[in-house]
Every structure is written in C-alpha cells, then in structure tokens.
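S.K.: What follows is each chain in one-letter form.
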Amino acid sequence: MMSFSFNIFRVGISFVMMCVFYKSAVDSLSELSPQKYFSTLQPGKASLAYFCQADSPRTSVFLEELNEAVKPLQDYGISVAKVNCVKEETSRYCGKEKDLVRAYLFRGDILLREFPTDTLFNVNAIVAHVLFALLFNEVKYITTLEDLQNIENALKGKANIAFSYVRAIGTPEHRAVMEAAFVYGTTYQFVLTTETALLESIGTEDIENAHLYFFHCKQVLGLTEQCRRTLMEPPLTTLNIHRFIKTMEAPLLTEVAEDPQQVSTVHLQLGLPLVFIVSQQATYEADRRTAEWVAWRLLGKAGVLLLLRDSLEVDIPLHANVVFRRAEEGVPAEFLVLHDIDLIISRVESNMHIEEIQEDGDEDMGSPDMDIQDDEVAETVYRDRKRRLPLELTVELTEETFNATVVASDSIVLFYAGWQAVSMAFLQSYVDLAIKLKGTSSMLLTRVNCADWPDLCTKQNVTEFPVVKMYKEGKSPVSYPGMLGTEDLLKFIQLNRISCPVNITSVQEAEEYLSGELYKDLISYSSVSVLGLFSPNMTTAKEDFTEAGNYLKGCVITGIYSEDDVLILSHKYAATLPALLLARHKEGEIESIPLANSPAQDIVQIITDALVETFPEITVENLPIYLRLQKPLFILFSDGSINPQYKKAILTLVNEKHLDSLTPCWLNLKNTPVGRGILEAYFDALPPLPLLVMVNLHSGGQVFAFPSDQAITEQNLLLWLKKLEAGLESHITILPAQEWKPPLPAYDFLSMMDAAASHRPTRKDPECAKETDAQENDKKHEDKSAFRKEPIETLRIKHWNRSNLFKEGEKSFKHDNKEL
Amino acid sequence: MGFSAAARLWGPPGLLLTFALHPALCLRAAQTSAPPHRDYCVLGAGPAGLQMAYFLQRAGRDYAVFERAPRPGSFFTHYPRHRKLISINKRHTGKANAEFNLRHDWNSLLSHDPGLLFRHYSRAYFPDAGDMVRYLGDFADRLGLHVLYNTTIAHVTLHKDRQAWNGHYFILTDRKGHAHRCGVLFVATGLSVPNQVDFPGSEYVEGYESVSVDPKDFEGQNVLILGRGNSAFETAENILGVTNFIHMLSRSRVRLSWATHYVGDLRAINNGLLDTYQLKSLDGLLESDLTDLAVVKDREGKFHVTLKFFLEEGNQSADAITLPQDDNDNFAMRVAYDRVIRCLGWNFDFSIFNESLRLSSGGEFSKKYPLVKASYESKGSRGLFVLGTASHSVDYRKSAGGFIHGFRYTVRAVHRLLEHRHHDVAWPSTQHPISQLTSSIVRRVNEASGLYQMFGVLADVVLLKENAAAFEYLEEFPMQMLAQLETITGRKARHGLFVINMEYGRNFSGPDKDVFFYDRSVGHTEDAWQSNFLHPVIYYYRHLPTEQEVRFRPADWALPRPTAIHHIVEDFLTDWTAPVGHILPLRRFLENCLDTDLRSFYAESCFLFALTHQKLPPFCQQGYLRMQGLVGTETLRRHGVESGLLRDYTIVGRRREDQGQGPLSSSRAPGPPVQPLDSNKEEL
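These protein sequences, in sequence, are chains A and B.
Residue 619 in full-length UniProt numbering sits at position 619 of the first sequence, with consecutive numbering throughout.
Residue 528 in full-length UniProt numbering sits at position 528 of the second sequence, with consecutive numbering throughout.
Fair warning: there could be bad hints in the mix.
30 Å max Cα-Cα, derived DSS-like pairs, lysine-lysine [to be verified]:
1. A:K386 x B:K95
2. A:K722 x A:K648
3. A:K741 x A:K647
4. A:K438 x A:K586
5. A:K648 x A:K586
6. A:K459 x B:K465
7. B:K160 x B:K368
8. A:K631 x A:K722
9. B:K216 x B:K302
10. A:K475 x A:K553
11. A:K475 x A:K438
12. A:K459 x B:K615
13. A:K670 x B:K160
14. A:K722 x B:K615
15. A:K741 x B:K465
16. A:K553 x A:K572
17. A:K491 x A:K631
18. B:K367 x B:K379
19. A:K156 x A:K71
20. B:K492 x A:K459
21. B:K615 x A:K723
22. B:K513 x B:K367
23. A:K741 x B:K615
24. A:K158 x A:K140
25. A:K542 x A:K553
26. A:K438 x A:K472
27. B:K492 x A:K741
28. A:K631 x B:K615
29. A:K647 x A:K722
30. B:K492 x B:K373
31. A:K156 x A:K246
32. A:K670 x A:K586
33. A:K459 x B:K367
34. A:K491 x A:K542
With beta-carbon atoms standing in for the labels, derived distance ranges [as the list claims (entries may be wrong)]:
35. A:G157 x B:G644: 43 to 49 Å
36. A:Q42 x B:Q548: 54 to 60 Å
37. B:H120 x A:V407: 23 to 29 Å
38. B:Q163 x A:Q605: 51 to 57 Å
39. A:G700 x B:V425: 29 to 35 Å
40. B:Q548 x A:T187: 42 to 48 Å
If you are wondering where the hints come from, they were derived from the structure by calculation, not from laboratory data.
Predicted, not measured: the structure shown is a model, and the values here were computed from it.
Ideal Cβ positions, reconstructed from N, Cα and C, are used throughout, including at glycine.
Please construct the entire structure, taking both the sequences and the accompanying hints into account.
M.R.: Shown next, in the form of structure tokens:
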C-alpha cells in the first residue's frame, strides 16, 4: 500500500524533475550561476537554492548533506541547486560576507523562506524545514493547550486531527511528520508542537520521545464532547505514520459473515492482525458493543471484526468467541475462548500464547462444503423421496389421454416435472388436496409430468413448472394464480363451483346471497360476497361487471341481479344503479358502491381494494397483498387472539385516520409461529408479548418498538406515533439491506483446467495474456496459484465431506496432508 | 400472377398473406415474364430436402423441392448396397419423453406428427434401407410437401437483380429447358459421385456402387477391398463367410467409431473382419497409399498388387512387371486376387453449378464437400445454403451433421435463421424469471435431442435481461456463429449470456484412444471438468464474444475462453437430475456468475425474509411476492427442521422464553451470507 500511494505522487512530479534537471544527473546537486538559476525557476514549483561564494571550504559538510537531500526533495517536486556567486553576476542573495551565506526557498520566483545554514544541519533537517515551510497552511504549529483546544473545537464534526509532538524542529521525527503531512495534509489537520508542557497537559508522561495522536473529531457532534484520541505507539517514522493513518481511515468495526480465513481488510495488508468477535443473533447488540470497545482499544494495532455466527456457512468451534488471525499468510486462524476483553487486548499486544480450542476430530475446518444442499425445498423433497405418495388419487394424464379427459370433465391439471424440487413439493400439497376432496368434488384432479410429455406441456403453453390450470366446460383454460398450497388451491376450486358472476333471479335470492345463506359452504373461502345491481337495460355495465367477475374467478364470490324489481334492492341499500353491494360476512356489513361507467378493470380494482382489510391478521398467505401497499407496517404481535381492547384502540386510530400512512395489522403467533423468528430479529431480548412494532420495510428498514412498559391504549399509541413522526424515537434495529448473494462459491473449473493445462508443457493458453481486465487477470493468477499449491488437499477435503461412508477409509489421507 | 395461383393450390392459407406482403415481387414476375419464381428452392428430396420442405411448409413459405427421381430418397433405393442401415432405430428407451427418445432415433425426421416416427416403419435396430425409402415417401405425402418429381436440374446459375433478397436470383434450369427462379437455394443433393482413385490398373477394380451383393459370386475367392470405411467393411461382412480370405487396403489406419465418437467411422456392426483378422482367420488389414499402387492382371485373369513405381520403369507385359515380392519375398500382398473392390466413399456433385455461384470445394478436410460457413450458407454466394450430408464439412469427423440424426437439427437452425432474415420472425425463444434458470437448463440437458446429437455444433443460449432478473432461452443455435447471434436471431445479448453445449472429454475421443481404460468415469462433482463421456458444459460470457474471439479460440476449445465454465459431471444414465450431484453444482455456478442467490424457499421463509430483510431473494420476489409462494406440507416442514434448513418456531419460541438469552446452536438457517469471493475482490 505504502509504495502505491507514493508512486502516484511520484508520477505527479516527474514532469518537474525532467524540466528542472534537464542538464545534470537527477540526484546530484546542480551548480548554476545566479542568472542561470533564476531562469530555471518555474511558476508554482518550489526550489531550494544554496547561494555560496566560490570555494568556501566551510560549506563542504553542509553541501554533503544538501547533496543527500536532493533526492528526497525531488520526490516532493522540490528542486535543489547550488548557486555560485561569482563576481561578474552579483545577486542580492549572494551574501557580502562569507558568514552570511544562506539557503533560500522559492516558489516560482517568490522567496518563501531563507534558512541560515546552521538550521539545515543534516538531511533530515533540510527536508523537515523545507516541507514545514511549504506546508505552512497544512501544518499548524502551536505552543499552548489553548491553541490545541481551539483547533479541536473548530474541527469538531468536520475533520480529524493528527497532532504530533517532536522534541525539536528538524529532527528525524519532525521530518517523518512533515512527510506524512505532505501526503495527508489535505485530509487531516496536522498540528505540531515542540512544547513539552503541552504534551504533559494532554496527559502524556513520556516527554522524551516524539508522539503522534489521532484526534477523532469528525464524528463528534456537540461542542462539549471531547474528540477521542488514539496514540500512535510505534516510533515516528514515515512508514509507521502512514500505516497508522491508514488504520484510522479503515472502518472501526466491520461485520462479516464469512470464513475468517477468507476475510481480508486493509489491516492484513498493513501487516496487522485481525480480531474477530464471534456474535450470534441473540446477543448481537451486546456483542457489537463489546466489539466496538475492543476496536477502539486496538485501533491502529489490529483490525476488529464482528463475525456473525448465525449467517456463517462455515462451522466454527461451538464455544469460540474470538478468532485471532495473524497478518502472515498461511498461518491458520486461531479459535479462542476469552472471557475478558483485556485478554483480547493483551493477546494482540503481546501475542501471548493461549491454549487453542481443540476442534472436534470430525469437524472440517477447510473450505465450506459446496456439496451440502442448502436449498430447503430441494433438501426436504430429497429427504422425502422414499415415501410413496398416494398419487393414484390424481389422474395421470398422457399425450394420448389429455385431450379426451379435459373435454370429458371439468379438470384441474397440475403440470410438473418429476425432477424439479419445487414441483415435487407442490405435488405433495396437491395429493393432500386430492385426499381432502376425495369423492366430494365434481372437479377431476389430474397431473401431467412434463418430464415425460414435453410436447403436451409446450402445447398447453407450459414452459416452467409447476403450473396449475383449470379446464372447464370446454372454455379456454384458466391458469391458477394463487399460492402453491392445499388451502389456496382448495379455495380456488370451491369458488369455481359456481359461475362467476352467478346469476341471481329474485330479490329473495339476492337477500339470501347477501346474508351468506345461499352459498353457506363457500363463504368460508370468500369473506366478501359481491353483488352487482343493474337495471335490465344497462347492458354495457352488466358486460363490464361480468368480465370483472370472470377475472376474479376463484378469488371472490360475485353475483349479478338485473331483474325489473332491482329498485327494491337499490332502495333498501341506498345504492344508485348501477351499483355494487359488498357483503362482509364476518362483520355482517353490507356496503354499497356506485358503479358509474366503470370499465371492467376498475371494477376489479374496486373489488380487490374491498378485500383489503383495515386491520388484518397478517399471515404467510396474505402478507404479499399488504406489502403491495408500500407503506410501513404497524404490527401487533400477539400470542394467540388479539386482545379486543387493543384492537379497539387501534381501530379507533384507524378510523380517526391517524394510521393512514401505515399498514396496521396484527400477527397471531399461534397461527403464524414464524413470527417468533421475526421478533428474534427485531429484539435482542424478547420482551413479553404483546409487542407493537413499526417496520419501515420500504424505505430504510428501521424497526421501532412501542415501549413494552406502556399500555396499548389509544392515547399512548397516538403519543408514540407523534414521537415517531417527529423523529424522536430511536429504532431498535435496522433490517439488513444487503443483496442476496450466492451462498457458497462454485467450483472454479476454468482455473482447474488452466492449472492442468499449465502442467502440460506443450500447451500454453494464449488467451491468458489477452485478458484486458487487469483485475481479472490478477484474480485468475491468484486462484490458479492457490489451486496449484494444494490441489490434492482441496480435492480430498471435498471427498471427505461428501459422505460419512468415506470417512474411515480416507482418514489416513487427511492426516497425511496435515503433516505436509 | 399465374404461378402464385398455383402456389395457392398447395400452400396453406397463410401463404395468401405472404403474397400480400410482397406485391411488388409478384407484379414484377408477371411483367417481365421471368421464369416462375419461388422464394425458396430445395434441390433434392432426400431426408435433408424433405426436412427443410417441412419447415418451409409449416411456416407457410413459397417453396418447391426439385427431385430427379419419381419418389423421395432415391439414394436409399440403391444404397447401402447390402441394405442394412447403420443408423439405430431404438424403439424403446423406457421413457415416454418424445424429445428424449429422438436422442436414440437416428432415422426419423422432425415433424409434429408422431405417426411419422421411424419406429413405426421398422422393428429392426439396424433397419433396412427399403424402410427408409418408404418412410421418406410417406413423410412427403402425409405432410403434403411440394416436391416436383422427375425434375432433373441440369444447371444452376446466378442472376443479379437488386430486387432479390440477396442481390441475385438463382436460376435453375431442368433437363427440359424450363427455368426456375429462386430467392434462396438449398442444396440438399447429398454426396452422389463415387470417389475414384486413379492408379494403373484401376480399370480392373469393381466399384461398391456396382459390385455384386450376392455372396455366391465370391465363393472361394481371394478378395482385395480398397477402403476402410463402413461401405468397405459392410462389403466384407457380406462375403466374409464364403471367400478364401479378404484383404483390406487403405491409406490410414482404421478408425473405430466407438473410439472416435464419430458415427461415420467404422461401426461395430460392420467390424466382423477386424474380429477374424485378429483371430488369425486369414483375413487382414493393410495400410498403404492407394495412389502409389498399381494392379496388374495376369493371364489367368488374377490380379497382382504392385507399385506404380515398378510399372513406370519396366515394360508393360504383365509377366515381366516387377512385383514387390521379387525383392521382398515376404511381401504381404504377394498372393493373386480374384477380385479387387473399391469402397472409397462419395463426393459432392459440383458439375451442375455455374462458376458464378462460386460454390467451391475444398474445406479443410477434403475435397468431397462444398465450402460453407458455420451457418451452412455458401462462402461464395449469399442465399445459397448447403443442407444434409453435403453440409458435413462444418463438423466432419466431429459431430453428426452429415447424418439424418444430426442434419435434421441443422436444417431447422437454417430455417430459423432465414425466418428472421427474410420474414422478421425472431429466433423462437421463451422468457422466464431468473428463478427458473436452473430448471430451464436442467430440463434441456436432460431431454433436448438436438444438443445431444449435434454436440459441439448446436448449443442452447441463455440471454440475460437487465440486472439478471429474467432471461430468454434460445434453442439449438449454431455455436460457431455466436458472435453474429444478434443479427442472426434478432434477440439482444446485452447483459451477458450462457451457452449450453454437450461435450466429450478433451482427450477422450480419438482414433487410437482406449476408451475403455480403467477409471475412465468421473463421479465426483469437483472433477466434473475431467468428465470423459458426453456431458453438458455451460459457458458464461459477460459480453457476446467477437468474431475474432470465436475464430482464434484456443485449439481444443469449442468456444472462446469464457468468463466462467461449468461441467455437469458425466452420468452413466445421461440423467442429469440428481439433486446434489448435478443440480446443486449447476445452481452454484449460475449463482456465482450472476452474483445472486438462486435457492428456492418455502412461503414461510419468504415471509420471514420479507419482514426481516429489506431485499428478498429472486425466488421469493418472483413467487411469494406475486402471491405464488410455495406453501409446503407438514411432512416436508419436518424434514426441513431435521435437516437444519428450517426452524420449528413453535419450539424455538418456548425454549427461548425458558432459557432467556442462552446461545442458540449455530444452525444452517438461510440468510444472505456475505459472499466469500467478495473478499478476494477487496484484496485487489
């Protein structure tokens, strides 16, 4: 890293070097006449000139040092010259007397500073002084504590400070600080002092040595707050300061959920070890605090990371709470049990030896096993493969029988593929449905295995699996749009028993329909019955409604009434024709909605909106409906049915429109036990139920919790909502926003093939060199070398994990490899 | 307009539309009294010509097939001489999947009519050629293909015309002097000219095309057969039992198709002579360059093999000619032969094509095929396509493009290409959400017959959509044209692509390879790249490769170097549906190429993620969030809990309440983990 940043810098100044030293060798001191010298000066470029009388013997020691300073100064774009004052060309910089010989620093042709030669006593002093003069604005020299405090206050919330104490100007430490300031001076405020009193006043006892403190002022918000300070412990050298500042720039604490052996941060590159604090979901908050504390203590000495055990794919020893990884490559990470934070610190500081946990003999610490199924659907279906499903309850169709069957009877057809896990998981639900419906339904349950009949499936427009279609009365087939589960498909089938919309023929029938009497057995599948009321002559409106009803087939019961006496109903329910009547059976309410010229899709929208409840019980099945509203969820978690008082309180808020910007809902943990998993993610320690939270799913992911010590009353809730709105509540957690990445890497066959090819001396892959992407190239190279190093071992490890059967047989191999 | 009316007689109703779209074309035809025009002309009603006719017919195109014989498949009325086809007619595979079954049906043409499968025409595993003739006749008749029989095209020329699709028309003139004008010309005439090698005494040699097939005619004879292909061995097989011995002479060593995986090499069904040779039964195989040979006839009418070299220096009297055995008394062919039979294969008949067509022979392999591009279009003239056996230069000795079971797919590819070029019909494709990617590929590699038969030539292509949220699936695209995919198919490949190919192991196939070596099969998924038997290989490219990259790809690569590659490990049953052995590694490969999580989840997991994460995995986004979540059953849930992939929250909750903050055992419960590869990137 070091060389990297300086290289950039060098590139920037190469131009200057070429221009200034066009005559002489790059790193030797050029000797010029005054006139010549001034003609070489370039605007904006710094130049150090030593004016001397010809053949002055006293200056030889100084010249030696100056000669040595040429190269380092060149690196900073500063040219150095010896100007010989000859009699013919006098310059005002040429001292009259031998004693007054001086060095001058110019920027362009402007004189910045003159130095008596005795201040430039050696190369360090020369570099330090010159940079100090040039970086006058970047490096503040102070003498009192008050100065320091002023700077500190001025920079709070703005920038960080690098404060250093050196015993004297011109020391090697001073030079190191100035060199660092040259690189980082624009990023950090450099402050320099030589006052021991100042150093003592900030609490340092050691005044013999130079010190550098990093003041973390940028994140400080209030003026009263102190900036945190980190003392740089190694001696002040350019390299050490660079390394120190780099670690200050790195994030204090990084959260990772990957193999500690694979993690890489800037610390490792700087030769610093990594400390992983192992965390789990249950203790996450506490662990994070601990880790932050450790991170502050180890700042500049080690990188600290929070390792999330729960999302980790590799197994780490059960009790390990700290993982220590040295910067040296190839040294395996150590898994430790440390019960005291100080032990972690001392571990890093002294590399003290602590007993490693013996890993279980069977546990493999190598790379994660890619051959272990991590797809829950595939794994569960595979585990169930030996069970014989009562498939005979559903009719298996073939290319030959398909058409005849779906024409002869109303059929549900499941199109699936025998090798596809999702299909096979759903097939189980389908069979369960067949068991439920056995002998009761006029609908024939059939299935087509598309792995056997691809042409049939393609003809039925089935190109992915699973798909359910309903073939009814010779009409064009309807695709089932719902959840792939027994209950939802049952609902679809049941609701499809009646035509949609169903034709109501008398007022009495209409009343029965609205009361739920008419289709008693169906209202458990459709919480709402919709009745369209039309005058007999409203043909277009009726058509639109019929189309909408058709569209909503299987999802809600719809009926249509357009007899001559429709006015009886329209009067009774205060509905202006054409109109919709919505009968909510649970609540026993009937609502009327006018339908003036609404096209079919509007009617569909009206009906679907009506299906959305104001304060629903949220379930796995219905959550997507409510997520569509794109509002923050306001969820009451209840262990069992909701307390009517809470419900009342929330409904009051709903009615008073306080919750319009939210989706209020509740979750019954008895019906939806996975809710506990959600609460675990929200709370470190689960407070007693019920719990009310506000989840800002769609913007920011913050989760706010209603204080569990407060009663859920209208007033309290209102107050809390106000506070939330005003931003006075702090969130209990933020939902992770990361993308879903591949859970494990794939086999890198390309590098394996490359490695194999490179072992064969005859064939060299010419494509390698052609890669334009340098990064890819590097990476490939790296992968390749990694593979070459231990190809046998990686292969063995994977064989090892494949099956327990191989374990005994291969044990010897594993041990052999370890010894290697 | 006369001809368009005629066209209507046999064209489907869709054709009317086609004509309406090209009124200018029709008008001009009428005005200039130019020869009757067809958009597409097919030369030859053999399997390839009929196959193309079928696709043109289905698409409602204006076409005609020209056939010199009175019925289709005239080649098969005479060949193979001994009537046994060596293309397998596997009537049972244990599977109902019609597409899969075509992998083992080498004789059927592609059609929508399941009655037109060859297994309905013969019960023999190696069927009789007569059945093929009957089949092809039925194919043309039942599908109503428009074939002009008894029409011998004597001459083909090029007529420049700016109005033409390709800037020129092809003018076909038949023996009666009638001309036909064609927009696009398909040459499906096969290889019809017997290959003859000129050497002194070649006039004594009988040709395969006319030699007797009655074994009685060979009773007690010494027979020399020139050639070592299937026709040579077929001839030997027929007379093996009645001759004194058979010697077989050819330039190079015999290539066994089970070693080369090339069906054109010697098939085991014909290799009886190899068996008797090695079992010391007087028969034998010899290698020598035929052009160095000479055959001389002695007074008894017997034939002696000598060298051309001797013939040139000596006088011409048979008795005086130096024979190799004069110097070398153990010369292998020192016996006199009663018959010499030439079985040296066939060449393409270039004679009817005018030079202006620039239909040149050559190719890298031999002179027997006309030169074509990987799209089967002639390198010399645009709009001229070579189909069928004559198009085999594309994959000679590599794949099955010279045989019915191969070219029936390449013909379809050519048809798709032309549908886009001239009719704006993009290459057929299906579009799916990304959560279906693994399944789409698994489905194809398990049933697709075109991929399987035309391995290394036709490949499926998956074109990714923006952000890899969805993809388009294109079937059986000519791989070597990958760089031109966008212009050929009319589909866009802007966001990366996968190419699905089938391959044998790199060093597995070859004339001298022992394909039965011990430990030849690879069973472990991580060694899949070393698979030897035919197995699916998936290439991932971030960008469509350029023509340069395709042309200058590494020697033993089917395609340019990809960004990443995956091999699905070879399978003894060619059934790549094993959840852990095949599908899981494929999914991991796809996930890492796309940098996403392609696992499937139950609705309950999606529910949990929806409320505890800001983002959802694609499966939940594309299923659950659209109200199409996978609910699962209690049994499956129990398995999930046992496997550690699912948690039983009813129990978890209680335990937590009891134990307070006790540490939960580390479970493999899913969540978006940080990808380990990320760390590598950071390092750079």
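S.K.: None of the hints should be skipped; say for each whether it holds.
M.R.: Tested hints:
no. : hint                        : in the structure
1   : A:K386 x B:K95              : holds, 21 Å
2   : A:K722 x A:K648             : holds, 19 Å
3   : A:K741 x A:K647             : violated, 40 Å
4   : A:K438 x A:K586             : holds, 29 Å
5   : A:K648 x A:K586             : holds, 16 Å
6   : A:K459 x B:K465             : holds, 25 Å
7   : B:K160 x B:K368             : holds, 28 Å
8   : A:K631 x A:K722             : holds, 17 Å
9   : B:K216 x B:K302             : holds, 18 Å
10  : A:K475 x A:K553             : holds, 13 Å
11  : A:K475 x A:K438             : holds, 25 Å
12  : A:K459 x B:K615             : violated, 36 Å
13  : A:K670 x B:K160             : violated, 81 Å
14  : A:K722 x B:K615             : holds, 28 Å
15  : A:K741 x B:K465             : holds, 18 Å
16  : A:K553 x A:K572             : holds, 28 Å
17  : A:K491 x A:K631             : holds, 28 Å
18  : B:K367 x B:K379             : holds, 15 Å
19  : A:K156 x A:K71              : violated, 38 Å
20  : B:K492 x A:K459             : holds, 26 Å
21  : B:K615 x A:K723             : holds, 27 Å
22  : B:K513 x B:K367             : holds, 27 Å
23  : A:K741 x B:K615             : holds, 11 Å
24  : A:K158 x A:K140             : holds, 17 Å
25  : A:K542 x A:K553             : holds, 16 Å
26  : A:K438 x A:K472             : holds, 19 Å
27  : B:K492 x A:K741             : holds, 26 Å
28  : A:K631 x B:K615             : holds, 15 Å
29  : A:K647 x A:K722             : holds, 20 Å
30  : B:K492 x B:K373             : holds, 22 Å
31  : A:K156 x A:K246             : holds, 20 Å
32  : A:K670 x A:K586             : holds, 21 Å
33  : A:K459 x B:K367             : violated, 44 Å
34  : A:K491 x A:K542             : holds, 26 Å
35  : A:G157 x B:G644: 43 to 49 Å : holds, 48 Å
36  : A:Q42 x B:Q548: 54 to 60 Å  : violated, 47 Å
37  : B:H120 x A:V407: 23 to 29 Å : holds, 26 Å
38  : B:Q163 x A:Q605: 51 to 57 Å : holds, 53 Å
39  : A:G700 x B:V425: 29 to 35 Å : violated, 48 Å
40  : B:Q548 x A:T187: 42 to 48 Å : holds, 45 Å
When the structure is compared with the earlier hints, violations turn up for hints 3, 12, 13, 19, 33, 36 and 39 and for no others.
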